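K.L.:
Each protein sequence line maps, in turn, to chains E and X.
Using my numbering, the letters of the first sequence map in sequence onto residues 1 to 436.
Using my numbering, the letters of the second sequence map in sequence onto residues 1 to 302.
Watch out, some of these pointers could steer you wrong.
Here's a subset of chain X near chain E, in silico, CB distances under 7 angstroms, partners left out [unchecked claim]:
1) L53
2) P55
3) I56
4) R59
5) L136
6) D205
7) A207
8) S248
Per the computed footprint, the stretches of chain E lying under chain X, defined by three or more beta-carbons under 8 angstroms from a beta-carbon of chain X, are [to be verified]:
9) 86–98
10) 263–274
11) 387–396
12) 424–434
If you are wondering where the hints come from, they were derived from the structure by calculation, not from laboratory data.
What you are looking at is a predicted structure, and each value in this text was computed from that prediction instead of being measured.
All residues carry an ideal CB built from backbone N, CA and C; glycine is no exception.
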Amino acid sequence: MRRWALVLALFALLGPACGGGGGSTTSTAGCTGKVAGGPVTVKAWFHSGQGSERTTITSQVAAFNASQNDVKVELVLLPEGNYNDQVKAAAASGGLPDILDFDGPFLYNYAWNRNLVALDNCISPDLKANLLASIVKQGTYAAHFYGVGTFDSGLGLYTRKSVLAKKGIRIPSGPQDAWTADEFTQALKTLQGAGFKKPLDLKINYGQGEWYTYGFSPIIQSAGADLIDRRNYQSADGVLNSAAAVQSLTVFQSWFKQGFVDFNVDDTAFLKGQSAISWVGHWVFADYRKAFGDDLVILPLPNFGKGSKTGMGSWQWGVTSKTKSVDAAWAFINYLLKDQQVLQMTGANGAVPATKSASAASTQFAPGGPENIFVQQLESSAVPRPQTPAYPTITLSFQKAINDILNGGDVKAALDKAVQDIDRDIKDNDGYPVKT
Amino acid sequence: MISSPTKNLKTRVGQDSLVPWLFSLPAILMLLAFLVAPFVLAIVFSFTNLRLLSPIPLRFVGLQNYVRVFQDPIFYRALGNNLLFVVIVVPVQTALALALAVLVNQKLRGVRVFRTIYFAPVVTVMAVAATVWRLLYDPDAGFINGLLGAVSGGAVHPNWLRSTSTAFLAIIIMSIWQGVGFQMVILLAGLQDIPHDHYEAAIVDGASGWQQFRFVTIPQLRNQLLFVVTITTILAFRLFDQVYVMTSGGPLDSTQTLMLMLVDVGFGRQRIAQGSAIAVIFFLIVLSISVAQRRLIREETT
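All chains, full assembly: derive it from the sequences and hints.
P.N.:
What follows is the structure in structure tokens.
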């Protein structure tokens, strides 16, 4: 008798736990056009990355709160290292805030799981037209607009003009005449001979995480391969483990085998001059610029056969289905997208402004400016990370493969394993059906 | 009024059997809610397709999760590493702890300072200690290679955490350093409990220092040693923090552990169901080893 009561009690516990994993109560209505019912307090989560970003968002929230009386934003800063994990845990336990920022490609999974509210009737047509095409593209899932970034990203090879000139290494002028992979490998060899013991900094110190996918998937894309077959997002087989992918990552592995790569434990390989080339994103620009001034130059990633490719997408804002007021949440995001605010943020973190008008107003990104290459790349050679709810698994599997490869593992075997993981995940989720 | 003594006695007996239950009720409820229920849930989940975040309806998939775990080469790698860790760490750490306990049990001036020093790593947060050790293990700028280089004249230069042949060894060394103080304190308490007249009697019988240690100290420490061995075994199976921080299972899965795999599959890849299957397997392994240990060496009741 008593035993049965216990079993029943346990199943009573089990019931809600199962339900909780699935759909959550959603407010999919979107915006009504005005914030109803006096001052509304909304909570916003932000990844606390670089110090300058942190200071900027804090002052932006203060300025927004002071600028009007309808909406009050409460900002919560969470450590960046495991930010995605924290969001995932909050989504699973129903503890999401009203407003969330998240690393771009996770949007599709959150939207698919109905954690995000569609913002189609929130954003004004003028603002949408003013956004960079890459921002709109990445904020859209299943024909609805779910998220918007105030900046986009840039990825490149940071180096010093003087160092290359001294060794007679060609300096490419833009993505269209990037170094070939062979040329790049040869340059590394030359630089090693010139006294740079470990000429290449790949920011391996960031560790196995989103950086590995963001930073190194352009390698296989430049060779003509990809993370997944983008025609229907149902399989990675024959794409991620194709001959082109294996070949290009074998070249990548050879840089490690030849001892070109600095493991950069203290994050200063390039700044202290141990490395001559640093393969990294826009976020280091301010620090590197301060150290090397006008000698610093940003070059496109090497071309593995099908043209130099680069990553795109950065942190985006979205409104969660847990919010009390979509209008109040949107009011804050809308504020962050004003040119002045966008420029304040991109001035702090070196990222590409998300609006065309802000980009035009910035000398840094205008033609001839030191970071103009990032704008050029976004217009020509940037590849979005796969726009599918399977992204979390794709990125974890690829990261694992990269980690195995840079540690000397068999390239084909590592990629086959990743393909098996990805395809199995898609199948387990019934192909991630789009429900509207 | 005449009271019936037998009735009073009865009610008191009735109360007596209820009161202990009432007192333990909060603890029992907590154990049920936070230990038993989650475990039962894990068993149930392990037969479903449950995912952390997914609108796809729950369904039972039979043994699929278990089959996948047993087909995964990483599982065997992780299990092998856990066993290797236990086989090396349990005896080495226990022996070291005993040696340290005997050392700091001397009646010398300043011995408290040494006790504190040996115990300090235990109270350090593992993640912090692991971060510091990652810097110590740096092949070029780290202290350990600096020391090895100075001693060997540059001949020994292991690439600690980045080489498949040394990464797990590096984890083991660090773990022993971190854990040995805890065992030392338990053994030290045991040492101080040994009545001094045992030693006096041994001396009268003409026992040497080693004989005193072998025939008085060790048998008297039996229960503490048993406890230390059991608890170290269980903790060794739960190896996670230092690996997560220092290598995240790499290079090439050479430092993979069951716990790491569980977190990666269940949380990282959102496959709660398969993670639950790993948890159930993990539980059965640890349980059977603990039971076997208890059978082999029964605790003496003193």
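K.L.:
Within the segment 86–98 of chain E, is the number of residues with a Cβ closer than 8 angstroms to a Cβ of chain X three or more?
P.N.:
holds (count 4)
K.L.:
Can you confirm whether chain X covers the segment 424–434 of chain E, using C-beta to C-beta distances below 8 angstroms and requiring at least three such residues?
P.N.:
Our answer is that it holds, as 4 residues pass the Cβ test (under 8 angstroms) against chain X, meeting three.
K.L.:
Against chain E, is L136(X) within 7 angstroms by beta-carbon distance?
P.N.:
Violated, because the Cβ-Cβ distance from L136(X) to chain E comes to roughly 11 angstroms (cut-off 7 angstroms).
K.L.:
Take the segment 387–396 of chain E, compare each residue's beta carbon with every beta carbon of chain X, and decide whether three or more fall closer than 8 angstroms.
P.N.:
holds (count 3)
K.L.:
Mind checking the CB of L53(X) against every CB in chain E and telling me if the closest is under 7 angstroms?
P.N.:
Constraint on L53(X) satisfied, holds at 5 angstroms.
K.L.:
Would the hint on D205(X) be counted as holding, given a Cβ-Cβ threshold of 7 angstroms to chain E?
P.N.:
violated (58 angstroms)
K.L.:
Would the hint on A207(X) be counted as holding, given a Cβ-Cβ threshold of 7 angstroms to chain E?
P.N.:
violated (53 angstroms)
K.L.:
Grab the minimum C-beta distance from R59(X) to chain E and call the hint holds if it beats 7 angstroms, violated otherwise.
P.N.:
Cβ of R59(X) sits 10 angstroms from chain E, so the hint is violated.
K.L.:
Given a cut of 7 angstroms on the nearest C-beta pair, is the interface hint for P55(X) held or broken against chain E?
P.N.:
Since the shortest Cβ distance to chain E is 5 angstroms, the answer is holds.
K.L.:
Taking the least C-beta to C-beta distance, is S248(X) closer than 7 angstroms to chain E?
P.N.:
With a minimum Cβ separation of about 5 angstroms from chain E (threshold 7 angstroms), the hint on S248(X) holds.
K.L.:
Does the closest beta carbon of chain E sit nearer than 7 angstroms to the beta carbon of I56(X)?
P.N.:
Holds - the Cβ of I56(X) comes within 7 angstroms of chain E, reaching about 6 angstroms at its closest.
K.L.:
When I compare C-beta atoms, does the segment 263–274 of chain E have three or more residues closer than 8 angstroms to chain X?
P.N.:
holds (count 3)
Of the numbered hints given earlier, the model fails hints 4, 5, 6, 7; all others are met.
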